[in-house]
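Enquirer: In order, the protein sequence lines correspond to chains R and X. Quick note: the first sequence uses numbering that gives the first Met the number 0, first residue 0, plus one each step. Quick note: the second sequence uses numbering that gives the first Met the number 0, first residue 0, plus one each step.
It is possible that part of the hints are untrue.
[To be verified] Just the calculated beta-carbon pair ranges, DEER-fashion:
#1 Glu133/X - Asp195/R: 41 to 47 Å
#2 Gln27/X - Val196/R: 53 to 59 Å
#3 Ser192/R - Gln104/X: 50 to 56 Å
#4 Ser7/X - Lys44/R: 47 to 53 Å
Quick caveat, the hints were computed from the structure, so don't treat them as lab data. If you're wondering where the values come from, they're calculated on a predicted model, not measured in any experiment. From the three backbone atoms N, C-alpha and C, an ideal C-beta is built for every residue, glycine too.
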Amino acid sequence: MSILQFSFNKHIRKVAINFRLEVESLDRGRRILRKGKGFYTGYRKNIIELDEVLISICIQKTGKYQYFEALKQAKRRDDDIAIVNGAFNVIFEDGTDIIKDIHFAFGGMAPTTVLAPETSKAVIGKKWNSEIVEIVNQNLLEELPLSGGAPGGMILYRRSLTLSLFFKAFLKISQSLEATISDREPISNRETSGADVFHTLTPKSSQLFEVGSCKPLKMLYINFIFRNHQKVKRAQIPCANL
Amino acid sequence: MRKPLTHSSAFKQATGEAVYCDDIPRFQNELYLGMVLSTKAHAKLISVDATEALQQPGVHAFFSKKDISDDANHIGAVFHDEELFVKDKVTCQGQLIGVVIAESQKTAQRAARLVKVVYEDLTPIIVTLEYAIEQKSFFPNYPQTIEYGDYKKAFADADHLIEGEFRIGGQEHFYLETNASVAIPKDNDELEIFCSSQHPTEIQKLAASVLEIPVNRVVARAKRLGGGFGGKESRGTLVALPVAFAAYKLGRPVRLMLDRDEDMMITGTRHPFYFKWKVSFTKIGEITGIDIEIYNNAGCTMDLSFSVLQRAMFHFQCCYRFPNVRVRGWVCRTNLPSNTAFRGFGGPQGMMAGENIIRQVAAAVGKDYMDIQRLNMFVEGDSTHYNHKLTDYNMMKCFDGVIKSSDFENRKLNVQQFNKENRWRKRGISLTNTMFGIGFTALHLNQSGALVHVYIDGSVLLNHGGVEMGQGLHVTSLK
Numbered sequence: 000m001s002i003l004q005f006s007f008n009k010h011i012r013k014v015a016i017n018f019r020l021e022v023e024s025l026d027r028g029r030r031i032l033r034k035g036k037g038f039y040t041g042y043r044k045n046i047i048e049l050d051e052v053l054i055s056i057c058i059q060k061t062g063k064y065q066y067f068e069a070l071k072q073a074k075r076r077d078d079d080i081a082i083v084n085g086a087f088n089v090i091f092e093d094g095t096d097i098i099k100d101i102h103f104a105f106g107g108m109a110p111t112t113v114l115a116p117e118t119s120k121a122v123i124g125k126k127w128n129s130e131i132v133e134i135v136n137q138n139l140l141e142e143l144p145l146s147g148g149a150p151g152g153m154i155l156y157r158r159s160l161t162l163s164l165f166f167k168a169f170l171k172i173s174q175s176l177e178a179t180i181s182d183r184e185p186i187s188n189r190e191t192s193g194a195d196v197f198h199t200l201t202p203k204s205s206q207l208f209e210v211g212s213c214k215p216l217k218m219l220y221i222n223f224i225f226r227n228h229q230k231v232k233r234a235q236i237p238c239a240n241l
Numbered sequence: 000m001r002k003p004l005t006h007s008s009a010f011k012q013a014t015g016e017a018v019y020c021d022d023i024p025r026f027q028n029e030l031y032l033g034m035v036l037s038t039k040a041h042a043k044l045i046s047v048d049a050t051e052a053l054q055q056p057g058v059h060a061f062f063s064k065k066d067i068s069d070d071a072n073h074i075g076a077v078f079h080d081e082e083l084f085v086k087d088k089v090t091c092q093g094q095l096i097g098v099v100i101a102e103s104q105k106t107a108q109r110a111a112r113l114v115k116v117v118y119e120d121l122t123p124i125i126v127t128l129e130y131a132i133e134q135k136s137f138f139p140n141y142p143q144t145i146e147y148g149d150y151k152k153a154f155a156d157a158d159h160l161i162e163g164e165f166r167i168g169g170q171e172h173f174y175l176e177t178n179a180s181v182a183i184p185k186d187n188d189e190l191e192i193f194c195s196s197q198h199p200t201e202i203q204k205l206a207a208s209v210l211e212i213p214v215n216r217v218v219a220r221a222k223r224l225g226g227g228f229g230g231k232e233s234r235g236t237l238v239a240l241p242v243a244f245a246a247y248k249l250g251r252p253v254r255l256m257l258d259r260d261e262d263m264m265i266t267g268t269r270h271p272f273y274f275k276w277k278v279s280f281t282k283i284g285e286i287t288g289i290d291i292e293i294y295n296n297a298g299c300t301m302d303l304s305f306s307v308l309q310r311a312m313f314h315f316q317c318c319y320r321f322p323n324v325r326v327r328g329w330v331c332r333t334n335l336p337s338n339t340a341f342r343g344f345g346g347p348q349g350m351m352a353g354e355n356i357i358r359q360v361a362a363a364v365g366k367d368y369m370d371i372q373r374l375n376m377f378v379e380g381d382s383t384h385y386n387h388k389l390t391d392y393n394m395m396k397c398f399d400g401v402i403k404s405s406d407f408e409n410r411k412l413n414v415q416q417f418n419k420e421n422r423w424r425k426r427g428i429s430l431t432n433t434m435f436g437i438g439f440t441a442l443h444l445n446q447s448g449a450l451v452h453v454y455i456d457g458s459v460l461l462n463h464g465g466v467e468m469g470q471g472l473h474v475t476s477l478k
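Extracted from the complex, chain R is given alone in its bound form (with noise of 0.2 Å):
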C-alpha cells in the first residue's frame, strides 16, 4: 500500500512493476497490452489507440521476498512534473538478502519512462549491502547518460538524483530487510532518517479577532484546529493591538 501515496508517477510505477492492460474498441474488440519496451512511443504517447477505452489494470501483488519503491524529485511537492523520478522493484532469493532479480526505472531522463537493464544485470546474484550502491552508481552513470544539451537542463543535477533516488530506496530496502534477515549488519542509526519521505501537512490558520475593549497584550483563547491530526489544541495568544 505504501506506494500508493503516490497520486503521481503512474507511468514509472508501472514500468518497474509487471502489469497488464486491457484495452478495447467498438471496430476491434479487446486487447491486452503488456509491459516492456514499445509501449510508450514517444513524450507522453503510448500505443493505446485514440478509441480504445481502458478497461482494467492487472498488477501483480508484491510477494513475500519483494520490495518496491517509489520516488520522485519536484519542484513543488503537489502535482508537479518530475524533474527525475524513480521506481527500485527488488526481489530477494527465499529468506535472504541476495538479489534475485531487480528492476530499475526511472522517468525525467529521456522522453519515455527508461529502464536500467545492464545496471539490473550488474548487481542480480549479489548481497543487498553498501558494496552495490557503488555498482549501482558506476553503471547507473554509463546507462543513463544525459548529453549536454538535452531539453529539460539540469544535467549533471538529473544524473546525479537517479545516483540518489536509488541511494534513498536502498536505505529504506535495507530497514525492511534489517526486520526479517537475521544476520544483516544494520544500517547505522545516523543514516536512517535519509530514508524519510515528505508528507505534506495541511494548512492551518486562525484569524485574531479583539473582543470587547482589548488592551495590548491582553490574553485571549483561541482554538487552533490541526486538521491532520483530527484534534483541537487551545493555544495562548497574546491579542495583537490591532
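Given chain R, work out where chain X should sit, using these hints.
Expert: Frame of chain R; chain X shown alone:
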C-alpha cells in the same frame, strides 16, 4: 475603528461570485484582441505583413505603428521610453508589434500567428547582469552615488578589510488573475476601460495620450484584482493600452485577458541584482566602513527600475550601522522584458546583501552571526546613510523579543543535535532582520484624497484612489 470586521470582500471571493475583469459579461458587439509579439531579443524590424491574417473569417482589423503618430506611440511609467507598437527595433522578446482584432479569442490568436514579421538580427544580445556590466550597458546618468562619512579613512584604519559579491535572481509575480482589460467606447469620444491594474490612473493618462484625447474623456476602473504584487503597477498598460486603442478606433468594445504563457513572457519579473562590496571592521567585528556597488537588471526599458535601484541603495544596510559609506548604483539595460515593481521594490534584494555582509564579517572574525548582528545594530538616535535620524527605534527590543518568543536558542541547539545525529537529512534555522522604509521615495506620491457622498436615504458612497488586491482595502475604508 478597532472593532473587528469581517473582510468585506471575502464572501464573494470564497463563493466565486466576485466579478473580476474578465468575468464581465460579453457585450453584444464585442471583439477580442490577439497580440503579435516579437520573437527576437534584439533585431531591426524590416517588415510586418498582416495580409493573410486579415483574410481569415472573423478578423476585423490589424493595427501597428502605421496607425499611430510617433508622439502618441511613446508610453512609459515615468520616462516615456517605450512604444505601444514597435517602430524600428525590438529590444526583447514579447514586445508588441501589432494587434489583430477578431470575433473570438481563438480567431484572434490564430490570426496573430499568421502575421509575417521579418527581422534583421542585431548584436549584442544581453541577458545577464555580468554581460551587461562587461558591455557597460547602463542607462544614462549612472552610477548614482550616496556618500556618508569617510569610507576611505575607515578602510585605512581598519583591522580587517574583506571583499565579496552577492547575486539575487528575479521571480515571476504569478498573480492568479493574469492581466486583463475590456474597453468600451462611450458616446462618440469617450472611453471606459475596465482593467486589472494596480494603477488605473496611469492607464487613464496613457490611454488618453495614445488616443490623443483629453484625460477627462477616459474612465479607468479596477474593481478588484486577483493579485498584483507589483506586477500590475505599471505593466498593466501592456494589455490595457492596445485594448483601449483598438476599441476607440473601431468604436466597439474590445477585450483581452492574457494566457498565462503570454503573461509570463511579456510582463517582466522582480529585478535580479548583483552586489560587489568591500567592508572594513574591527577585531571584534564592528563594521567601520563600506564601499558597495549595486547593479540591477532593468530589462529593455526603464519602467520603475531607477526607483527599485534606489530602494536597494537605501536598504542594503538593513538595520545595521555602517558609519562610513559609499554606495554606487547602476541600472543595467538588457534584452529582457522590462522588469518592474515587486513587493519590497528592491528593498529585499538590498537587505539580503546586507545580511550576507554581516555573515561574512562573522565568519572573518570567527563569531556567531547573531553576535555581529547585535554588535552592529542601529540604536536610538543613530542616523542612516541617507540622513534619516532613527527615533522611537525598537529594533533591539524586537530582536530580543523574537529570540525569546520563538525559543530560538533551544531550537538552534535541537537543530545542531539533529544534524549531528543524521547523516542524510539536515535541518536549519536562521534569524534575519529587516528594516524597510514605508511610503514612496517620490514624496509627492505619499498623499491621497477621498470623496464621501451621503445620500438622502442615509447610505454612503466612498470614492478613493486605492485598488483592492487582497490587502483588505475595502474593510479598512469601511472602518
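Enquirer: Please go over all the hints and tell whether each is borne out by the structure.
Expert: Results for each hint:
1. Glu133/X - Asp195/R: 41 to 47 Å: Since the Cβ atoms of Glu133/X and Asp195/R sit about 46 Å apart, the hinted range of 41 to 47 Å holds.
2. Gln27/X - Val196/R: 53 to 59 Å: With Cβ atoms ~56 Å apart, the hint holds.
3. Ser192/R - Gln104/X: 50 to 56 Å: holds (51 Å)
4. Ser7/X - Lys44/R: 47 to 53 Å: holds (50 Å)
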